[in-house]
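The listed protein sequences derive, respectively, from chains A and B.
Mapping of the first sequence onto the numbering used here: position 68 corresponds to residue 752, and the numbering continues sequentially without gaps.
Mapping of the second sequence onto the numbering used here: position 86 corresponds to residue 92, and the numbering continues sequentially without gaps.
Everything labelled a hint here was simulated from the structure, so no lab data went into it.
There's no promise every hint is true.
Claimed, not checked - A partial selection of chain B residues facing chain A, derived with a Cβ cut-off under 10 Å:
{"#": "1", "residue": "Trp15"}
{"#": "2", "residue": "Ala21"}
{"#": "3", "residue": "Ala57"}
{"#": "4", "residue": "Val67"}
Where a beta carbon is used, it is the ideal one built from N, C-alpha and C, also for glycine.
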Amino acid sequence: MEIKWYIGLAVALFCTGIVGVLTRRNSIIIFMCIELMLNAVNLLLVAFSKMHAASAVMQSNPNVVSDAQIFVFFIMVVAAAEVSVGLAIIVMLYRNTHSVDVNFLNRLKN
Amino acid sequence: MSITEILFWGLAALALFSAVMVVASKSPVHSILYLIVVFFAISGHYILLNAQFLAIVNIIVYAGAIMVLFLFVVMLMNLNAESEPKKHRMLQFAGLISGGCLFLVLIAALSETAQATSLVQMGGGNSGLIKNLGMVLFKDYVLPFEISSVLFLSAMIGAVVIGKKERS
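Bound conformation, chain A alone (with noise of 0.2 Å):
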């Protein structure tokens, strides 16, 4: 495959989360679009890893594609701990407001 095609899917399933976090009230779907956007990112780095594999990258740097896919794992264990967190302030928020919509976040300003 060439790489146009991962770049078009990447970027399409990045565009679909950016479009949900602007058009949902509801917290945790806005925070499933993001998960949605860091997996986005993660299939184009492991593609771009695996482009370099068939380039001359690789002679150079015989370690750049094992680099990146470690470098993604890196990412899913940051990813894993901000879920933890950002769940436990929904819930805290529901607790508080019994709801999830997002607009009434607004009341932390006073």
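Since the structure of chain A is provided, determine the placement of chain B on it from the hints.
Frame of chain A, contents of chain B only:
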């Protein structure tokens, strides 16, 4: 059309359809189930690229752990489609337009680059196997690996502190 291309297009169509359904479906539980389908499709892409370790980690961590956490939270809150808050029609339209504009700009900028037609190595190569990645992870990246355990500890403490009931 080779079998790899057929698999690529099938998985891409599945991922895109499910991603749109995540955004479009009314009930949060349906959104979560569609997001699990997206994660499985992305894992399929990883397998096509011979990144087997990442495919397994993606299924275990995302589809297995994170989405179950989401599902539990949604079921604890007893949300349903009727109580779903909705944005104004114009705001939804504006969000759709801006997302579409970003898509067009990114595609237009990236599709004409010199590297756009470089081939991605499908299948072959053993860099993505668990053996090689484990060697790299525990030799070159052992310090970030250990630091990430501190990150998890702080995330766990943070989640417990935030989720604890306040005594008033």
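We went through each hint and held it up to the structure:
1. Hint status for B/Trp15: holds, given a least beta-carbon distance of 9 Å to chain A, under 10 Å.
2. Satisfaction of the interface hint for B/Ala21 is found here, the shortest Cβ-Cβ separation to chain A being roughly 6 Å, below the 10 Å cut-off.
3. Because the smallest distance between the Cβ of B/Ala57 and any Cβ of chain A comes to about 5 Å, under 10 Å, the interface hint for this residue holds.
4. A least Cβ separation of about 6 Å between B/Val67 and chain A falls short of the 10 Å threshold, and the interface hint therefore holds.
Hint check: no violations occur; every hint is consistent with the structure.
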